[in-house]
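One-letter residues, chain by chain:
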Amino acid sequence: MLISGAGFDNTPCDAGSIGVAPSALLRTPTTVMVRESHVERMGSIQDVPYEILNVLEFNSTRKRQSVVCRFPNGRLVLYCKGADNVVYERLADGNHDMKKISRQHLEQFGSAGLRTLCLAYRDLNREQYESWNEKFVQAKSSLRDRDKKLDEVAELIEKDLILVGCTAIEDKLQEGVPACIETLSAAGIKIWVLTGDKMETAINIAYACSLVNNDTKQFIISSETDAIREAEDKVTSLVKKGARKITLSIGDGANDVSMIQAAHVGIGISGQEGMQAVMASDFAIAQFRFLTDLLLVHGRWSYLRLCKVITYFFYKNLTFTLTQFWFTFQTGFSGQRFYDDWFQSLYNVIFTALPVIIVGLFDKDVTALLSKKYPQLYKEGIRNSFFKWRVIAVWGFFAFYQSIVFYYFTAAASRHGQGSSGKILGLWDENVYFVIYVLMSTFFFYLTILLVPVIALFGDFLYLSIQRWLFPYDYQVIQEMHKDDPHEYSRVQLPETSHLSPEEARSYAISMLPRENSKHTGFAFDSPGYESFFASQQGVGVPHKPWDVARRASIKQRQQPQRTTRS
Amino acid sequence: MGKMTKRRLGNSVISAFLLVGVIFVPIGLASLSASKEIVELVDRYDTSCVSVADKVGFIQNSKTDKTCTRTLTVPRHMKSPIHIYYQIGDFYQNHRRYVKSRSDKQLRYKEAAHLTKDCEPEGNTADGAPIVPCGLIAWSLFNDTYKVSINKKAIEVNKKDIAWQSDKNNKFGSNVYPSNFQKGNLVGGAKLNESIPLSEQEDLIVWMRTAALPTFRKLYGRIETDIMENDQLTVVIQNNYNTYSFGGSKALVLSTTSWIGGKNNFIGIAYLTIGGLCIFLAAVFIVLYMIKPRYVMFPLV
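Protein sequence lines correspond, in order, to chains A and B.
Just so you know, we're using the numbering used here here: the first sequence kicks off at 1 and counts up by one.
Just so you know, we're using the numbering used here here: the second sequence kicks off at 1 and counts up by one.
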């Protein structure tokens, strides 16, 4: 029996079969078609429609979801699935043996790091159902506190359940997750895992993804009662406001949406659980391990580039304006411009905008490979090393110094500005061409052009020399260390097995074996168009997503009433 | 990590400073020596040439005799051509309103004579006829004259080819003649010969190339003979131009030229200073290289 909706186990589970395992065939908003073994004729199959009457959605407070359905013969059943403790609370008395055995199984599953669920059901008679359904419809259509009212209504019917059994899912960690978490810890990022699982499962997963190891001390904050059962988004908000740190949330399911939105940076992983997390996020990635690239490579470069561009923009305009400012002292404060009109207008358009934009787009301090190899480089961003007041003050000082050089040196050098013919030069005028033409015939022009930039940059060069020699930044040390590395684009892309360590060679060989391709296609947007096309190229049969089926079915339904009204 | 080895850094810093120093010092020496070879005589005459108390009244009176004779002794041999400049101080030719007060179209094209909008108040006469050339710049044309004698022998001052060739060809029209110039109530500077086209009025062209700084020189003419050391130079000045009402100064300048232009020690000194500084810093960094070397470990692949 397949119950589909939000949650982590939308894979069909075998709830018992005689001969043929039942499988869900089609899901419309109101029915589920199940192919099961024929009631009368052994060995053959039939498609049975079950009508879905109510869906009690999953949420993290209730930790369960339920469905009321009507069998073809009129029987009304409530099916419930949820975390083991909440389901156990709502079971009817009796059946102690089954409960005890299931409990034992659940503990075993938990210690093995599996994610567990309990399934239960309850028969309803018509009157019970009708009276409850009224309340349910009221709650569902109320305008205020709808969620709370729905929860209360759900409580009324989710009781006296009969345990069916329990399931355990090996929710495999994605490839590369432990390495990713280790790298990010080395980068100085504090990692919290927020989970609604049982404590044993959580501990197990923490070990599996290298969040903790045998040397670390374990403090586990768990919330067992309703009163302090905080949602994940509240924890995120707590860290954001209380510790005043930059927070990043990453998740892949619908239950992660609030957490993703609460953080400063929200990352959604596109995958089997659907697009809700992706659509609520600021950035979407295809696999968890791409987080290292996102943060350590692109995030770090982005920070570096932003700092450079912002400081450079202020510096260039400050220099430009200050140079004019010094001139005003000698023009009787009349506002006569130092530069030619065209130069003035084009300064911010061509002369200084385009180069800085190129820097902002393409600047790299170290290659991507080295950024990941030395995650400690990330700490420069955490410490905000490139945008401190001290850094800005240095830029400001050089703007001031250079403006003085530009103005006074140029004015002094051309004080009696003349060529060897003795003819005097003056201010710019509209015929810039002629002025430049005459200027370029004088020696002193070339002397000035060599002198002024060298003096202007002299201060900067001296500062940088001393800074790099005596107080280098981390990234500068890395640059020096890897100065002789071959250029990243010239490196041969094919793996050369002779250079691999025995472990790397083994894992490479294993990865080359034919195996079941993961359903993670690696593409960020899992729409049927993309996924089914590319997946089919790989020879992977990808089932239609339930919500797509529902969407297509509902589209067809919408069109039909339109046609009737028109005719 | 693999095998690591180390290398010493700092070579590029030292070489960069040394390179700059090695290039700049010779340039500085050459510039300075060229500048030192130039002989320049500067003689301020506006204070001495008017002895009465009311200097402004004296200058503005058209009937006073403004002849003034100055004597200069030449300190070193001056090779021809020797350039004569008039130097004016505290005259803001670079004032924004002044710079605007001209009409370039009018100067170039005869048909554009009526385009005098930016030239107010020296745009049109009281009758509405356009002044050519209009504007304050032309109106304030310098009008002192200098007659030069060496050892009591009068010599000719060549006033040709003192303006930029490009100005004569492209900025001032050869069929534009002055009209209604200096006819108004406001007494300005020099008057212009109405039969000579603007492209040949070189004094006007030189004056209208507005100076960038408040103390400036403009080319007056050239002497085409050598002047020997200890020669007596006598200059008879017609001290017409009124710099007295705004506290400006006037000076006569005689100067030889070289490849570097006029006398300008600044460039030579600047180059020498920076070159010297760079060599000094190279030495400092060499010392640092020895006593506090900067190593970096790098992996041996």
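Think of the hints as simulated: they come from the structure by calculation, not from any bench.
Because the structure is a prediction, the values reported are computed rather than measured.
C-beta: ideal position from N, C-alpha, C; glycine also.
Be a bit skeptical, because a hint or two may be false.
Each computed EDC-like pair below joins lysine to aspartate or glutamate, with the alpha-carbon atoms no more than 16 Å apart [stated by the list, open to error]: (1) B:Lys6 x A:Glu107; (2) A:Lys135 x A:Glu152; (3) A:Lys198 x A:Glu107; (4) B:Lys100 x A:Asp341; (5) B:Lys6 x A:Asp485; (6) A:Lys198 x A:Glu170; (7) B:Lys3 x A:Asp485; (8) A:Lys483 x A:Asp341; (9) B:Lys100 x A:Asp340; (10) A:Lys372 x A:Glu107; (11) B:Lys6 x A:Asp340.
Ranges between beta-carbon positions, derived for each pair [as the list claims (entries may be wrong)]: (12) B:Ser12 x A:Leu450: 37 to 45 Å; (13) B:Ser48 x A:Arg415: 52 to 60 Å; (14) B:Val56 x A:Val309: 55 to 63 Å.
Structure-based check of all given hints:
1. B:Lys6 x A:Glu107: 56 Å, violated
2. A:Lys135 x A:Glu152: Given pair A:Lys135, A:Glu152 holds - Cα atoms ~10 Å apart, limit 16 Å.
3. A:Lys198 x A:Glu107: 10 Å, holds
4. B:Lys100 x A:Asp341: 13 Å, holds
5. B:Lys6 x A:Asp485: 15 Å, holds
6. A:Lys198 x A:Glu170: 14 Å, holds
7. B:Lys3 x A:Asp485: 15 Å, holds
8. A:Lys483 x A:Asp341: 44 Å, violated
9. B:Lys100 x A:Asp340: Holds. B:Lys100 to A:Asp340 sits at ~13 Å (cutoff 16 Å).
10. A:Lys372 x A:Glu107: Violated. A:Lys372 to A:Glu107 sits at ~39 Å, over the 16 Å cutoff.
11. B:Lys6 x A:Asp340: 52 Å, violated
12. B:Ser12 x A:Leu450: 37 to 45 Å: 21 Å, violated
13. B:Ser48 x A:Arg415: 52 to 60 Å: Given about 25 Å between the Cβ atoms, the range is violated.
14. B:Val56 x A:Val309: 55 to 63 Å: 58 Å, holds
Checked against the numbered hints given earlier, the structure breaks hints 1, 8, 10, 11, 12, 13 and satisfies all the rest.
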